[in-house]
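Asks: So in the working numbering, the last one in the sequence shown is 952, and the numbering has no gaps at all.
Calculated directly from the structure, the hints in this document are not laboratory data.
These figures come from a predicted structure and were not determined experimentally.
Check before you lean on any hint, since a few could be wrong.
What the hints assert, rightly or not - Cβ pair distances, simulated, as ranges: (1) Asn650 to Asn545: 28 to 38 Å; (2) Tyr541 to Thr413: 19 to 29 Å; (3) Arg467 to Glu125: 26 to 36 Å; (4) Ser631 to Arg467: 26 to 36 Å; (5) Lys351 to Ser423: 34 to 44 Å; (6) Thr501 to Asn333: 38 to 48 Å; (7) Gly380 to Leu798: 20 to 30 Å; (8) Ser631 to Asp472: 51 to 61 Å; (9) Arg916 to Asn568: 11 to 21 Å.
Glycine included, each C-beta is placed from N, C-alpha and C at the ideal position.
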Amino acid sequence: MNRIFTLFFLLISLSLSAQQESITGNVTDENAQALPGVTIQLKGTQTGTVTDFDGNFNIKAELGQTLVFTFVGFEKKEVEITTTAINVQLVSGTNLEEVVLVGSRNRSRTVTESAVPVDVLDVEELQVSVPQVNVNQILNYVAPSFTSTTQSLSDGTDHIDPASLRGLGPDQVLVLINGKRRHTSSLINVNGTFGRGSVGTDLNAIPAAAIKRIEVLRDGAAAQYGSDAIAGVINVVLKDEVNTLNFNVTTGANVSRNANEQTGGMDGESINVAASYGIPLGDKGGFINFSGDFDYRDAYNRMKAWEGSIFNAYNAVEWQAYQDNADLSSLSNQQIQNYAQEVDYFSADFKNEIARANDRATLQNLLGRNVTEEELAARGLNRSDFNMRVGQSALRGGRLFANFALPLDDNGTELYAFSGLSSRKGNAAGFYRLPNQSRTYTPYYINGFLPEINSKISDKSFAAGIRGKVGDWDMDFSNTWGENEFMYFIDNTSNASLEGTSPTSFDAGGFSFSQNTTNLDVSQFFPQLFEGFNVAFGGEYRLENYNIIAGEEKSYAQYTADGTVITNASQQPTTDFFGNARAGGAQVFPGFSPDNAISRQRNSVAAYADFEADVTEEFLLTFAGRFENYSDFGSTLNFKIASRYKLTDNINLRAAVNTGFRAPSLHQIYYNSTSTVFNDEGNPVQVGTFSNDSRAAKLLGIPDLKEETSKSASLGITAKIPDANLTITADAYFVAIDDRVVYTGRFSDDDPDSEISQILRSANAEAAAFFANAIDTESKGLDIVLTQNTYFDNGWKLKNDLAGTFTRTQRVGDIHASPLLQNKLDTYFSEDNRIYLEEAVPRTKINLTNVLTVEDFNFFLRNVYFGEVTQPSNTLANQEVYSGKVVTDLSVGYNFSESINLTLGANNLFDLYPDRNRIEDNRSSGRFDWPRNAQFGIGGRYLFARLNLKLQ
1 MNRIFTLFFL LISLSLSAQQ ESITGNVTDE NAQALPGVTI QLKGTQTGTV TDFDGNFNIK
61 AELGQTLVFT FVGFEKKEVE ITTTAINVQL VSGTNLEEVV LVGSRNRSRT VTESAVPVDV
121 LDVEELQVSV PQVNVNQILN YVAPSFTSTT QSLSDGTDHI DPASLRGLGP DQVLVLINGK
181 RRHTSSLINV NGTFGRGSVG TDLNAIPAAA IKRIEVLRDG AAAQYGSDAI AGVINVVLKD
241 EVNTLNFNVT TGANVSRNAN EQTGGMDGES INVAASYGIP LGDKGGFINF SGDFDYRDAY
301 NRMKAWEGSI FNAYNAVEWQ AYQDNADLSS LSNQQIQNYA QEVDYFSADF KNEIARANDR
361 ATLQNLLGRN VTEEELAARG LNRSDFNMRV GQSALRGGRL FANFALPLDD NGTELYAFSG
421 LSSRKGNAAG FYRLPNQSRT YTPYYINGFL PEINSKISDK SFAAGIRGKV GDWDMDFSNT
481 WGENEFMYFI DNTSNASLEG TSPTSFDAGG FSFSQNTTNL DVSQFFPQLF EGFNVAFGGE
541 YRLENYNIIA GEEKSYAQYT ADGTVITNAS QQPTTDFFGN ARAGGAQVFP GFSPDNAISR
601 QRNSVAAYAD FEADVTEEFL LTFAGRFENY SDFGSTLNFK IASRYKLTDN INLRAAVNTG
661 FRAPSLHQIY YNSTSTVFND EGNPVQVGTF SNDSRAAKLL GIPDLKEETS KSASLGITAK
721 IPDANLTITA DAYFVAIDDR VVYTGRFSDD DPDSEISQIL RSANAEAAAF FANAIDTESK
781 GLDIVLTQNT YFDNGWKLKN DLAGTFTRTQ RVGDIHASPL LQNKLDTYFS EDNRIYLEEA
841 VPRTKINLTN VLTVEDFNFF LRNVYFGEVT QPSNTLANQE VYSGKVVTDL SVGYNFSESI
901 NLTLGANNLF DLYPDRNRIE DNRSSGRFDW PRNAQFGIGG RYLFARLNLK LQ
């Protein structure tokens with residue numbers, strides 16, 4: 001009997017040793033170059049590995065099993081194991097077979113096998129050919145469902161571009177780095193831009209040089225990843241390349257017929273210098289990769305000339321006194337009468353009227369007349385001397401990222417970390433302050449002034465974790481921290497109420513936001529259940545902190561004539577010659593006061609479970625559920641069900657339904673300030689943004705904020721036609737969002753003695769705005785992606801990508817308002833707010849990209865159709881519709897060697913512009929010849945040159 005048992009165990013051990021062979025090999029491309037980082041998966045299991053720096057791999061497997069090789073930018077390849085030594089050559093092509101990190105917690109799931117739509121964008125490949133260098137604009141031209149446009153004359157939003165996925169808000173997209181939650185910006189958009197009232201993630205704080213690929217999940221995923229993932233998820237995968245120095249320099253400028261205030265020529269010059277290098281660590285495939293860039297862009301201006309009034313007759317009198325070195329701050333009636341006689345173009349009758357004036361009131365009535373044309377000639381000035389800067393802001397900045405991984409054993413245990421540091425300084429300008437306005441203290445600025453907003457944006461992040469196996473379970477424990485700070489410094493301006501004692505530069509304060517997230521993720525793949533069953537669960541603890549930092553007193557306060565800070569409604573501010581009150585605070589951007597300053601924090605705890613079953617070889621079914629509790633508004637439970645069915649080996653159907661939520665950001669709950677906003681007529685209005693727990697909110701019946709909730713569904717098909725090297729995906733979707741947070745219109749009270757009027761005066765404001773869960777919305781759309789490759793006998797290769805998104809968002813149901821607001825619904829959710837929500841970004845966007853590789857030449861052609869948009873206005877007659885346009889990009893690259901590439905090209909090759917404003921109110925007397933929410937900006941043609949070095 002003992003011999004039988006001994007023989008039995010010997011046979012079992014021999015059988016096991018026969019099953020578990022050590023399979024080794026090497027992976028190369030078509031040019032026999034080693035490919036490091038190729039994903040190798042044992043088909044039908046969670047077992048996998050990646051190639052090392054020399055393209056070598058080692059994996060335990062059985063003879064007869066199949067290895068699946070995937071790598072971004074190359075066709076997937078499956079190889080049956082018939083020997084212990086396998087060498088594989090991958091063919092470059094579509095990246096739709098790349099294993100993705102988002103949309104599924106099964107680490108072997110590829111794009112076309114996924115139950116939800118995921119785009120994989122090879123940023124390393126794009127960096128060679130495309131004109132764009134920052135992440136927002138790269139995505140804007142590559143991913144049709146993604147929209148982002150550089151803003152103008154919108155305070156801090158000039159420096160951080162709001163972005164949208166599927167036409168939803170910037171705060172309804174979750175951003176991950178290496179699968180870990182990224183912190184949002186500290187900036188909340190409250191000026192006249194798309195995404196007003198929302199907080200987005202500053203993607204431009206991440207250098208494109210640090211990115212290996214970007215995964216865009218176009219489906220609701222709050223049940224998988226938590227708050228914000230209503231529209232989808234953008235996952236940025238950092239570079240892990242080693243022993244290769246990548247260095248590139250890109251320089252360019254706008255060469256356009258409308259450059260330089262529409263006189264033509266070149267402006268908006270820019271340069272970007274980027275580099276990355278990785279160092280191998282240990283002998284198990286460890287690495288640390290450093291990437292960074294520095295860039296500078298100059299501002300450009302597309303305003304031709306101011307067409308409105310500039311000077312009144314009193315300004316003409318001041319000009320005579322100025323030339324005589326008189327003290328303009330205290331001209332007596334007699335001085336005014338005397339200097340008026342020296343104004344050459346005043347008629348004799350007018351001079352006599354002035355001379356006969358008996359008091360200041362009579363002089364005020366006489367000297368208010370418009371004398372712009374005459375005074376321009378007298379001073380030797382042109383109307384264009386009073387232009388604003390309508391176009392992109394100036395920006396200078398640098399970014400540095402690091403990505404690290406160190407395997408500790410042969411069983412997959414690995415330490416990993418990544419970090420980032422970004423600093424940017426921006427310079428934008430506001431509306432020109434004209435000499436005939438009370439906001440201009442003419443003894444300082446005799447010809448008025450163009451106030452400037454200088455921003456300093458700092459972004460820091462660090463993540464670290466350990467992953468590996470505990471028994472048969474894959475474990476991943478991590479902590480991710482990030483902070484964004486935005487500070488304002490205002491130059492070439494004044495506090496008009498301080499008159500002659502005002503500084504011309506101010507520290508206006510700013511805000512910061514930090515987030516710390518701790519995650520534990522556990523998963524296991526069970527190949528023996530169904531055709532494979534993946535179980536994942538985990539938890540998250542997140543801590544957030546939001547701060548508003550006060551500026552110096554003179555940046556926000558309004559003063560009386562004797563220099564006393566106004567603190568109550570009985571005090572009167574200084575006035576101009578005509579008796580108009582002079583505004584307090586720094587012109588263009590009043591600073592944050594100590595009353596605005598806050599420090600608020602909250603925490604949340606979450607638990608999730610995720611199940612994914614290949615029920616049969618054809619049918620995939622997934623379920624995810626997530627419970628989350630916030631310290632400031634309570635709990636939420638969300639779910640997601642998704643499935644995929646293989647009709648054939650090449651055709652899949654997929655569908656998903658889910659619920660979601662978005663917690664109101666700390667910014668939306670607590671942000672409060674006073675800012676200068678220009679209304680539809682182009683007139684400045686001091687608008688106070690009040691928090692929802694303020695007295696002003698209670699008086700007007702503004703309710704406390706609560707979470708947004710969503711329900712969504714998607715249905716799609718994926719198809720491959722191998723003989724044509726063609727892959728097609730099409731996905732229709734529906735998203736319903738309840739209690740959507742909006743930034744309200746501007747409330748005021750005609751009764752100067754009312755409590756709300758007194759609160760406004762105390763805040764140096766004329767109107768009040770709030771954040772509120774005012775509406776419900778529905779979004780419907782269709783996304784289509786086609787990718788095709790053609791290989792020619794002479795070695796030429798043509799890659800064609802056609803992608804389009806067709807979407808529509810609209811308000812549904814009644815406006816959610818308290819009884820106190822029922823007669824103010826048009827203010828609570830104003831007409832311009834509706835347009836920002838529904839029609840301010842293109843509903844249709846189509847991208848056709850063709851890349852032809854001919855030996856050492858690379859030809860890149862891209863045509864992007866941006867659909868129509870509407871002018872946001874509360875006046876129905878002013879809601880112009882701007883037609884769709886096709887923007888063409890073209891570049892030609894040449895490889896001088898394996899290490900050196902030069903690319904020359906153009907964005908907007910044909911110098912296309914949006915439709916011009918036709919309605920005079922929208923032109924605002926020449927300020928805006930094109931809409932501020934133009935689909936693709938108003939820069940015109942951009943020519944660029946890029947030198948790429950790759951040294952190994």
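Asks: Evaluate each hint against the coordinates.
Replies: Each hint, compared with the structure:
no.: 1; hint: Asn650 to Asn545: 28 to 38 Å; verdict: violated (51 Å)
no.: 2; hint: Tyr541 to Thr413: 19 to 29 Å; verdict: holds (23 Å)
no.: 3; hint: Arg467 to Glu125: 26 to 36 Å; verdict: holds (28 Å)
no.: 4; hint: Ser631 to Arg467: 26 to 36 Å; verdict: holds (29 Å)
no.: 5; hint: Lys351 to Ser423: 34 to 44 Å; verdict: violated (58 Å)
no.: 6; hint: Thr501 to Asn333: 38 to 48 Å; verdict: violated (24 Å)
no.: 7; hint: Gly380 to Leu798: 20 to 30 Å; verdict: violated (60 Å)
no.: 8; hint: Ser631 to Asp472: 51 to 61 Å; verdict: violated (36 Å)
no.: 9; hint: Arg916 to Asn568: 11 to 21 Å; verdict: violated (48 Å)
Consistency with the previously given hints fails for numbers 1, 5, 6, 7, 8 and 9, ordered from lowest to highest.
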